[in-house]
Amino acid sequence: MNRGTRPPDWPARLLSSILGGGDFAESVIGDLTEEYAARVARDAQLNTLWYWRAATDIALHHIADAATQTRGPMFGHLREDLRYARRQLATSKAFTLTTIFTLALGIGATTAMFGIERTLTDVRLDIANPATLVHVGQAARGDCAACGALAAGNFTTLQQSARSFVSFAFATQWRAILRGDQGGELLTGAHVSSGFFNTIGVRPLFGRVFTPADSAERHANVVMLSESFWRGRLGGDSAIVGRTLVIDGTPRVVVGIVPTRAVLPEGSEVWAPLVVDPMAAANRSRGDGDAFARLAVGTTLDGARAELRAIGMRIVSQYPTDLRGVAFDAEPFAAWETPSRADDIPLFVLVYMVLGVACLNLAGLLLARLTARRKEMAIRVALGASRARIVWQLLTETTLLTFVGGVAGAAVAAVGIRLVRDLMPAFVSEALPRWHDLHLDGPALAAALITSVLTGVAIGLLPALRFTRDGVVEGLKSDSRSASAGGGVSRTRRGLVVAEVALAVVLLGSAGLLARSVANQRATHDGFRSDSTLTFRVTAPPAVAGQPRSDARYWAPLAQRFGALPNVVAVSSALGLPYSPAAPTEAFTVAGRAAALNGQESTARIVVAGAGYFSTLGISIRSGRSFDASDRADAPRVAIVDEHLARIVFGNADPIGRTLVIDNAQWRIVGVAAETRPNARRPLAVTTLGELYLPLAQRPTNALQFVIRTRAEPLQLARAAMATVHEFHRDLAVTEVQTFTALVDNASAPYRVLTGAMIGFAAAAATIALIGLYGIVSFVVAQRMREFGIRRALGAETAELFRLVLGESAMLAAVGIAIGVLGALGAGRVMRLILVGVSAADPLTLAAIIGTMMLVAVGAAYGPARRAAKADPMAALRNE
Amino acid sequence: MPSAKSAAVLGRFEHLVLLAALHVRGDIYAVSIGAEIERRTGVRPARGAVYTTLARLEAKGFLLSSRGAATPVRGGKAKRVYRLTIQGRQALQRARSDMVLAWPRVARLLGDR
Numbered sequence: 020m021n022r023g024t025r026p027p028d029w030p031a032r033l034l035s036s037i038l039g040g041g042d043f044a045e046s047v048i049g050d051l052t053e054e055y056a057a058r059v060a061r062d063a064q065l066n067t068l069w070y071w072r073a074a075t076d077i078a079l080h081h082i083a084d085a086a087t088q089t090r091g092p093m094f095g096h097l098r099e100d101l102r103y104a105r106r107q108l109a110t111s112k113a114f115t116l117t118t119i120f121t122l123a124l125g126i127g128a129t130t131a132m133f134g135i136e137r138t139l140t141d142v143r144l145d146i147a148n149p150a151t152l153v154h155v156g157q158a159a160r161g162d163c164a165a166c167g168a169l170a171a172g173n174f175t176t177l178q179q180s181a182r183s184f185v186s187f188a189f190a191t192q193w194r195a196i197l198r199g200d201q202g203g204e205l206l207t208g209a210h211v212s213s214g215f216f217n218t219i220g221v222r223p224l225f226g227r228v229f230t231p232a233d234s235a236e237r238h239a240n241v242v243m244l245s246e247s248f249w250r251g252r253l254g255g256d257s258a259i260v261g262r263t264l265v266i267d268g269t270p271r272v273v274v275g276i277v278p279t280r281a282v283l284p285e286g287s288e289v290w291a292p293l294v295v296d297p298m299a300a301a302n303r304s305r306g307d308g309d310a311f312a313r314l315a316v317g318t319t320l321d322g323a324r325a326e327l328r329a330i331g332m333r334i335v336s337q338y339p340t341d342l343r344g345v346a347f348d349a350e351p352f353a354a355w356e357t358p359s360r361a362d363d364i365p366l367f368v369l370v371y372m373v374l375g376v377a378c379l380n381l382a383g384l385l386l387a388r389l390t391a392r393r394k395e396m397a398i399r400v401a402l403g404a405s406r407a408r409i410v411w412q413l414l415t416e417t418t419l420l421t422f423v424g425g426v427a428g429a430a431v432a433a434v435g436i437r438l439v440r441d442l443m444p445a446f447v448s449e450a451l452p453r454w455h456d457l458h459l460d461g462p463a464l465a466a467a468l469i470t471s472v473l474t475g476v477a478i479g480l481l482p483a484l485r486f487t488r489d490g491v492v493e494g495l496k497s498d499s500r501s502a503s504a505g506g507g508v509s510r511t512r513r514g515l516v517v518a519e520v521a522l523a524v525v526l527l528g529s530a531g532l533l534a535r536s537v538a539n540q541r542a543t544h545d546g547f548r549s550d551s552t553l554t555f556r557v558t559a560p561p562a563v564a565g566q567p568r569s570d571a572r573y574w575a576p577l578a579q580r581f582g583a584l585p586n587v588v589a590v591s592s593a594l595g596l597p598y599s600p601a602a603p604t605e606a607f608t609v610a611g612r613a614a615a616l617n618g619q620e621s622t623a624r625i626v627v628a629g630a631g632y633f634s635t636l637g638i639s640i641r642s643g644r645s646f647d648a649s650d651r652a653d654a655p656r657v658a659i660v661d662e663h664l665a666r667i668v669f670g671n672a673d674p675i676g677r678t679l680v681i682d683n684a685q686w687r688i689v690g691v692a693a694e695t696r697p698n699a700r701r702p703l704a705v706t707t708l709g710e711l712y713l714p715l716a717q718r719p720t721n722a723l724q725f726v727i728r729t730r731a732e733p734l735q736l737a738r739a740a741m742a743t744v745h746e747f748h749r750d751l752a753v754t755e756v757q758t759f760t761a762l763v764d765n766a767s768a769p770y771r772v773l774t775g776a777m778i779g780f781a782a783a784a785a786t787i788a789l790i791g792l793y794g795i796v797s798f799v800v801a802q803r804m805r806e807f808g809i810r811r812a813l814g815a816e817t818a819e820l821f822r823l824v825l826g827e828s829a830m831l832a833a834v835g836i837a838i839g840v841l842g843a844l845g846a847g848r849v850m851r852l853i854l855v856g857v858s859a860a861d862p863l864t865l866a867a868i869i870g871t872m873m874l875v876a877v878g879a880a881y882g883p884a885r886r887a888a889k890a891d892p893m894a895a896l897r898n899e
Numbered sequence: 099m100p101s102a103k104s105a106a107v108l109g110r111f112e113h114l115v116l117l118a119a120l121h122v123r124g125d126i127y128a129v130s131i132g133a134e135i136e137r138r139t140g141v142r143p144a145r146g147a148v149y150t151t152l153a154r155l156e157a158k159g160f161l162l163s164s165r166g167a168a169t170p171v172r173g174g175k176a177k178r179v180y181r182l183t184i185q186g187r188q189a190l191q192r193a194r195s196d197m198v199l200a201w202p203r204v205a206r207l208l209g210d211r
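Sequences listed follow chains A and B, in order.
Using the working numbering, read the first sequence as starting at 20 and increasing by one per residue.
Using the working numbering, read the second sequence as starting at 99 and increasing by one per residue.
Everything labelled a hint here was simulated from the structure, so no lab data went into it.
Even for Gly, the Cβ is constructed at its ideal location relative to N, Cα and C.
Warning: the hint list may mix true and false statements.
As the list claims (entries may be wrong) - Some, not all, of what chain A presents toward chain B, calculated at C-beta under 10 angstroms: (1) 38; (2) 43; (3) 45; (4) 46; (5) 50; (6) 52; (7) 53; (8) 54; (9) 55; (10) 73; (11) 74; (12) 263; (13) 640.
As the list claims (entries may be wrong) - Facing chain A, a subset of chain B residues (Cβ under 8 angstroms, in silico): (14) 146; (15) 157; (16) 159; (17) 162.
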């Protein structure tokens, strides 16, 4: 961090905003930049730290100076108070540093989380008049809590008959393949209805949007590109409009650029006009794409929804078999656009627990400090200071302290967020569209500072009020006595430490359970081989006739070429390799049986299996047979189910020979395969549904995952394999090139990230609790030094005193642990759905945590205990 | 610090800053002033104090500031360059004569010890 020649960005921005921007702020930042460069030039160390300190110093002086200008009843003394506070804090460095460190951890974690949350959820689009735009969808089972995609046929009907809307937009997913010199490149795209951009209200950055003429089939060779694709991949060439790109093997003219804040559907890079072919137009049941509509002037959302429901009932009565129970509904665009935040709540709870531990610790430290300053307070009161004045002075002190802690916390957050961004596995970060923009922004920083100041006021006020409540005499008296000060205060402090330990135990408990769970998953073997295997996905553009690619004509010849590469042992293919998200889930029914009672029973993960799939992956066939050469396209359709599905659907009955119906086509079950993903690893799997295998020969597809087992290092084969694909057809796109092992590992990445975060939070909480324990024990020891001296004079052994102090710490820890274990059991129950092979009340984890915390307690007390044991009897007696 | 203080009186640190401003070679700005004070007193002043004092001295009319050069080493940020005004010089002189008048007596008192 100290190597850079450029100063850190964060403190500069923070300082600039505190100084109120403008010329003055500019000159100050410039000065710091200059001095920073001079330090780097003479090889000074810890330059970043220096920068933070300098920036903090300037900010504090500025604030104090500004405060003197504003004179209110309380602010009149602010300057004095601030100066006094500064001096106070400077004289007790240990206290100040401990406090700032504690706060930096607590506030840093909170701020980093807040920043991550903001970045990931800030996906709002910049569109015209969002209030009148709605998302229209259909839901399979009557209730429209989760209205999804709309079928093309239903969209056409709505467009023709709904009167509540002035215009409609429809977008279907498009995996577009851009022809390039090195091979095809897969783009995320959408086919959109002619009125799409005008309905949404998108103004192109350049060029124009689509017109109805573009959607007439003959003219369908135009595309629009996203701003980020245009800048990133085409160099932002402004002469782009009118240029031709070959996409899906067809030359297409670029007519316009869509600005970044108007990209819909999310993540799209390329758009083409939607041409609905007659077959797709007949579809009523399956969701084809997202539909949007503009409310007509004077129409309310409720009115529109009522009309949608009426039209829906009419459509359903026309297609009773396809659409039984289906309903149509609309929701405001903003509600559809903003994802539910419920998933983030657990992480936030964790983060606030860390902040809570930090605050408890801080309150304890402040109490201790005030105890030591009782006499000072009493004297000030005796000299005529009002209670309000003293409370205000103490508040100033805590607020200053927490403000510095907040600034340090912002630094921790800035570093932390960068670590999180860079260390996140690519698999996860690619799934989060804005991950690489991850940064701390103004609001997140403001939140950190506000949190810190509020924390200061909250935890500073109570002790301040408590201490000023007792009279002068009490305060003066207390110091002259040798016994430990105010039993009440001591009790409060002990309570705080117990609470800290308890919270830390809850966090440690959750982290421990997750860590054991991860270990269990690692120890469990999958029902297939993934070693020495290269996998990648090949996507083909749609064929001209609109039919997906068949195995015999297309995929088998390609597989043959892979087989000819050096060192290749076996080649197979599938769509829906274990742990890959590629497989679609589809509903099916068992022929001759009444419709399924619930959704779970009738849905399966469909895996299209190429020739030799089961033998190449080493998936055993438990009964019946595997697919073979006789299962040609023109032969009767056959399927294989996995044991999981067989158990759910057929119970103990033999599934072989039964027939499943998918989309009106019949598939006869010929075999039962072993489960690829055993129960222990299910939380990692994309879906926990059973698997239904269909032969590639009978189920054509435009995308296929290849698995190539090799004698050599799998990734060495990648280049040759990609060249083979390119030679085979120049419009094929290859993506997701990785070893099979990596694919499997990636599936568990989010789980491991969560576990890592938990462990980090738990470690932070335990560290803070350690500091808290140390604080109280050394405080108590310092107060009882005289007592210990007397005990020694009366014949106590050093070992006895040592044990006495350790016992004090262990006692506090034990109470905290006891409470914490109860909390950890509760947290375990909440987490049990994602735990694998470990019960929520896992004795081993709990024992480990109890042991760890007791060690922490002993470690925290070790230093103070040694001090106690060395108590000097002579000194004690002399003072008596 | 009483608020109704005469604008003409120099505080100790203000005094130091004005003296440093006289001595600095090249641009007079916060960095060069801080360095000058350190060179002369052996103590590095708090950065924040230099800025607030410069602003206060300008408000009192002892200094005048203008936007200076923005060099690459400053990350393209302009300097705020100061110069001493007539009033500033007068204030220093007044402070000096106050001290000169006050010191002989005090020196004798100290010497008596």
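Tested hints:
The criterion of a C-beta within 10 angstroms of any C-beta in chain B is met by residue 38/A, whose closest approach is roughly 9 angstroms, and the hint holds. A cut of 10 angstroms between beta carbons decides the hint on residue 43/A: the least distance to chain B is about 7 angstroms, and the hint holds. Hint status for residue 45/A: holds, given a least beta-carbon distance of 5 angstroms to chain B, under 10 angstroms. Using the Cβ-Cβ criterion of 10 angstroms, the hint placing residue 46/A at the interface with chain B is satisfied: the shortest such distance is roughly 4 angstroms.
Below 10 angstroms, beta-carbon pairs count as interface contacts, and residue 50/A has one with chain B at about 5 angstroms; its hint therefore holds. Look at residue 52/A: its Cβ gets to within about 4 angstroms of chain B, closer than 10 angstroms, so that hint holds up. Taken as an interface hint, residue 53/A checks out: its beta carbon lies about 5 angstroms from the nearest beta carbon of chain B, inside 10 angstroms. Contact between residue 54/A and chain B, as hinted, is supported at the beta carbon level, the nearest pair being about 6 angstroms apart and thus within 10 angstroms.
Taken as an interface hint, residue 55/A checks out: its beta carbon lies about 9 angstroms from the nearest beta carbon of chain B, inside 10 angstroms. This hint holds: residue 73/A has a C-beta 5 angstroms from the nearest C-beta of chain B, less than the 10 angstroms allowed. Of the supplied interface hints, the one on residue 74/A holds, with its beta-carbon coming within about 9 angstroms of a beta-carbon of chain B, less than 10 angstroms. At about 42 angstroms, the closest approach between the beta carbon of residue 263/A and any beta carbon in chain B exceeds 10 angstroms, and the interface hint on this residue is violated.
Hint on residue 640/A is violated. Least Cβ distance to chain B is approximately 68 angstroms, over the 10 angstroms limit. For residue 146/B, the suggested interface contact is upheld, since its CB lies about 3 angstroms from the closest CB of chain A, less than 8 angstroms. Residue-level restraint check for residue 157/B is violated (minimum Cβ-Cβ distance to chain A is 10 angstroms; threshold 8 angstroms). Annotation: interface hint on residue 159/B violated; nearest CB of chain A at approximately 17 angstroms, more than 8 angstroms.
Because the beta carbon of residue 162/B sits about 14 angstroms from the nearest beta carbon in chain A, more than 8 angstroms, this interface hint is broken.
The structure fails to meet hints 12, 13, 15, 16, 17 from the earlier list, while all remaining hints are met.
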